[in-house]
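Q: Residues per chain, in single letters:
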Amino acid sequence: MIHPARARKQQIVLLALLLLTAGTIAAGLGLGHSSVSFDRIVPILLGHGTFQEKFILYDIRLPRIAVTLLAGMALALSGAILQSVTRNDLADPGIIGINSGAGVAIAVCFLYVPIEPGSFVYALPLVGFVGALLAAGLIYAFAYSKSQGLQPTRFVLIGVGVSTALSGAMIVIISSTDRVKVDFIAKWLAGNIWGTDWPFVAALLPWLAILIPFVLSKSNALNLLSLHESVAVGSGVAVRRDRIALLLASVALAASAVSVTGGISFIGLMAPHIARALVGPRHQTFVPVSILTGGWLLLLADTIGRNAASADGIAAGIVAALIGAPYFIYLLLKK
Amino acid sequence: MSMDKRATVSLILKLTAGAAVLAAMFAVSLIFGAADVAVRDVWLAVASHAAGEKITVIREIRLPRETAGMLVGAALAVSGAIMQGLTRNPLADPGLLGLTAGANAALALTVALIPSAGYLGITIACFIGAAVGTFMVLGIGAIKKGGLSPLRIVLAGAAVSAFLYAISEGIGLAYKVSKDVSMWTAGGLAGTTWEQLRSIAPVIAAGLLFSLLLSRQLTILSLNEEAAVGLGLRTAWVKTALYVAVILLAGASVALVGNLAFVGLMIPHIVRAIAGTDYRAVLPMSAVCGAVFMLLADTLARTVNAPYETPVTAVIAIIGLPFFLYIVRKGVRSFS
Numbered sequence: 052m053i054h055p056a057r058a059r060k061q062q063i064v065l066l067a068l069l070l071l072t073a074g075t076i077a078a079g080l081g082l083g084h085s086s087v088s089f090d091r092i093v094p095i096l097l098g099h100g101t102f103q104e105k106f107i108l109y110d111i112r113l114p115r116i117a118v119t120l121l122a123g124m125a126l127a128l129s130g131a132i133l134q135s136v137t138r139n140d141l142a143d144p145g146i147i148g149i150n151s152g153a154g155v156a157i158a159v160c161f162l163y164v165p166i167e168p169g170s171f172v173y174a175l176p177l178v179g180f181v182g183a184l185l186a187a188g189l190i191y192a193f194a195y196s197k198s199q200g201l202q203p204t205r206f207v208l209i210g211v212g213v214s215t216a217l218s219g220a221m222i223v224i225i226s227s228t229d230r231v232k233v234d235f236i237a238k239w240l241a242g243n244i245w246g247t248d249w250p251f252v253a254a255l256l257p258w259l260a261i262l263i264p265f266v267l268s269k270s271n272a273l274n275l276l277s278l279h280e281s282v283a284v285g286s287g288v289a290v291r292r293d294r295i296a297l298l299l300a301s302v303a304l305a306a307s308a309v310s311v312t313g314g315i316s317f318i319g320l321m322a323p324h325i326a327r328a329l330v331g332p333r334h335q336t337f338v339p340v341s342i343l344t345g346g347w348l349l350l351l352a353d354t355i356g357r358n359a360a361s362a363d364g365i366a367a368g369i370v371a372a373l374i375g376a377p378y379f380i381y382l383l384l385k386k
Numbered sequence: 028m029s030m031d032k033r034a035t036v037s038l039i040l041k042l043t044a045g046a047a048v049l050a051a052m053f054a055v056s057l058i059f060g061a062a063d064v065a066v067r068d069v070w071l072a073v074a075s076h077a078a079g080e081k082i083t084v085i086r087e088i089r090l091p092r093e094t095a096g097m098l099v100g101a102a103l104a105v106s107g108a109i110m111q112g113l114t115r116n117p118l119a120d121p122g123l124l125g126l127t128a129g130a131n132a133a134l135a136l137t138v139a140l141i142p143s144a145g146y147l148g149i150t151i152a153c154f155i156g157a158a159v160g161t162f163m164v165l166g167i168g169a170i171k172k173g174g175l176s177p178l179r180i181v182l183a184g185a186a187v188s189a190f191l192y193a194i195s196e197g198i199g200l201a202y203k204v205s206k207d208v209s210m211w212t213a214g215g216l217a218g219t220t221w222e223q224l225r226s227i228a229p230v231i232a233a234g235l236l237f238s239l240l241l242s243r244q245l246t247i248l249s250l251n252e253e254a255a256v257g258l259g260l261r262t263a264w265v266k267t268a269l270y271v272a273v274i275l276l277a278g279a280s281v282a283l284v285g286n287l288a289f290v291g292l293m294i295p296h297i298v299r300a301i302a303g304t305d306y307r308a309v310l311p312m313s314a315v316c317g318a319v320f321m322l323l324a325d326t327l328a329r330t331v332n333a334p335y336e337t338p339v340t341a342v343i344a345i346i347g348l349p350f351f352l353y354i355v356r357k358g359v360r361s362f363s
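Chains as they are written, first to last, in our numbering: chain Z, 52 to 386; chain R, 28 to 363.
All the given hints hold, so there is nothing to weed out.
Now the stretches of chain R that chain Z is said to cover, found in silico as 3 or more residues with beta-carbon under 8 Å:
(1) 108 to 121
(2) 184 to 190
(3) 291 to 303
(4) 344 to 356
FYI, nobody ran anything at the bench for these hints, they're computed from the structure.
Cβ atoms here follow ideal geometry from the backbone N, Cα and C, with glycine treated the same way.
Given the sequences, and given the hints that come with them, work out the whole structure.
A: Structure follows, in structure tokens:
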């Protein structure tokens with residue numbers, strides 16, 4: 052049973068996060084290179100806008116906001132699952148090879164495959180997604196043993212090893228090509244929101260719609276899995292099955308997010324910690340908070356990033372780390 | 028708590044074998060390379076005052092480079108082992124104290140703002156950056172009354188590192204120097220001079236000696252905090268001393284070669300499979316194995332695609348991975 056005071060606190064935090072997200076969406080709608088003034092937003096949404104205003108709002112701002120929000124949520128949820136299942140506080144989607152797998156695939160594709168301008172925008176996330184899944188599959192294949200199933204420590208260590216090797220491969224690729232292309236890849240790796248069109252929203256949404264309820268329904272299993280192997284077995288959790296199902300969920304979430312946003316490792320690592328510091332370690336309480344924190348943080352970071360000084364903006368991944376890290380340290384000190 | 032006789036003998040045997048492999052590897056690394064030299068030239072370069080073109084190549088280019096390789100390999104492996112023991116986390120590596128990220132940020136700043144800075148200038152900038160990064164992490168630990176637990180230090184380190192990496196990525200993109208930065212952080216011993224070595228070697232030697240002296244305390248601390256206190260260990264003092272050792276070792280290495288965190292992560296895991304979990308055995312074996320591994324990686328980096336160099340990080344990651352996978356699959360000894 053959840054203590055009433057804790058439940059209240061969670062409700063307050065959730066409400067605050069929802070309000071913050073709504074506020075950031077509203078601000079994000081009005082801010083940008085081609086301005087749409089704030090008092091015009093409501094009329095445009097109600098259908099009274101000019102063509103230009105509608106175009107900016109419906110085809111540029113809204114899809115980007117939706118993609119950012121969803122990707123942030125997916126990364127945070129993926130990180131929360133990983134930290135609990137592997138019982139390691141340093142786990143993030145990067146350690147299951149997601150970022151490096153997607154990075155290598157995209158680098159190879161960008162450098163060696165002839166590009167058709169029409170399909171390029173859609174091909175890149177797809178390639179990233181496939182790369183991420185391949186890397187995760189490789190790690191899984193090495194970590195799985197018939198007699199013991201999937202041991203978390205081994206999974207994490209092999210993950211780090213494989214993703215480091217992939218980063219090594221990436222360095223070889225980068226060192227053999229010219230500067231302009233490297234700048235593009237570096238920008239992608241830094242987490243520049245890439246897919247900003249409705250099809251990407253449609254590609255992300257189903258994962259979240261299915262996996263958020265699934266993970267929440269597994270909250271109790273997560274509570275037990277994060278304690279100790281024997282505790283989980285003793286209290287009747289189907290350890291092997293649940294662990295594999297949850298890890299697969301986390302891979303799918305992170306891969307779908309990374310394929311449209313580029314390599315953002317900060318959200319997956321920090322959002323769950325921030326949520327835990329706010330509402331405590333029970334999964335029923337902190338997982339929803341963590342999802343909303345991740346979504347809001349990435350949205351805020353992107354809104355700031357695309358309006359910041361330089362012409363092409365600053366990648367959302369960078370801004371997320373710049374604002375999230377000091378806050379996380381503050382929480383660490385306060386506790 | 029003293030080691031029993033059999034363990035001591037077995038450790039001495041293993042260390043002797045390791046030292047023999049290290050000596051052989053050192054000779055190999057001096058002989059092979061882009062410029063063709065004979066075994067005799069190597070001997071003359073090391074043991075006599077003879078002069079000649081090939082002898083100069085060995086004496087002024089390969090000898091400092093491979094000596095640095097040995098020192099850096101040993102330093103990274105030992106600092107990684109200490110971090111893993113201290114935080115009881117198998118994923119810990121020296122980079123988590125903010126060292127690597129600090130050095131990266133300083134490097135990006137230097138490359139962007141002072142493009143004319145040479146190797147030595149960049150090395151110094153990296154050392155300062157590493158120190159600043161670590162100071163931020165440990166400073167955050169010190170603000171908290173009573174200090175932070177190793178777990179929280181590591182988390183603070185991860186956050187500070189993310190922050191500093193974001194800064195260096197931002198600078199890299201803003202000034203369009205991503206390629207230069209990534210080439211440097213890819214790590215490499217190229218261009219190591221005797222001059223750099225003279226300033227770095229004493230730091231690493233002091234760090235190694237210091238950590239070997241603390242290996243008994245580290246073993247106790249790696250078990251469990253209460254056990255350590257119960258056995259009469261002054262944990263706060265020991266932990267501080269161990270952090271200092273890590274900073275000396277990893278700071279000097281990062282300043283010299285860039286980001287080679289994987290060595291610090293991987294070697295201790297490989298060593299535990301050979302030498303068990305007692306840090307009195309793990310630390311010296313890590314030093315030897317780290318040195319051998321680094322020499323091997325650097326020799327391959329120089330020769331695979333000669334006369335061009337393959338980035339050594341890539342070599343380390345790619346040849347290290349099979350070992351690492353094998354060891355981890357066989358069983359994670361002290362951490363399962």
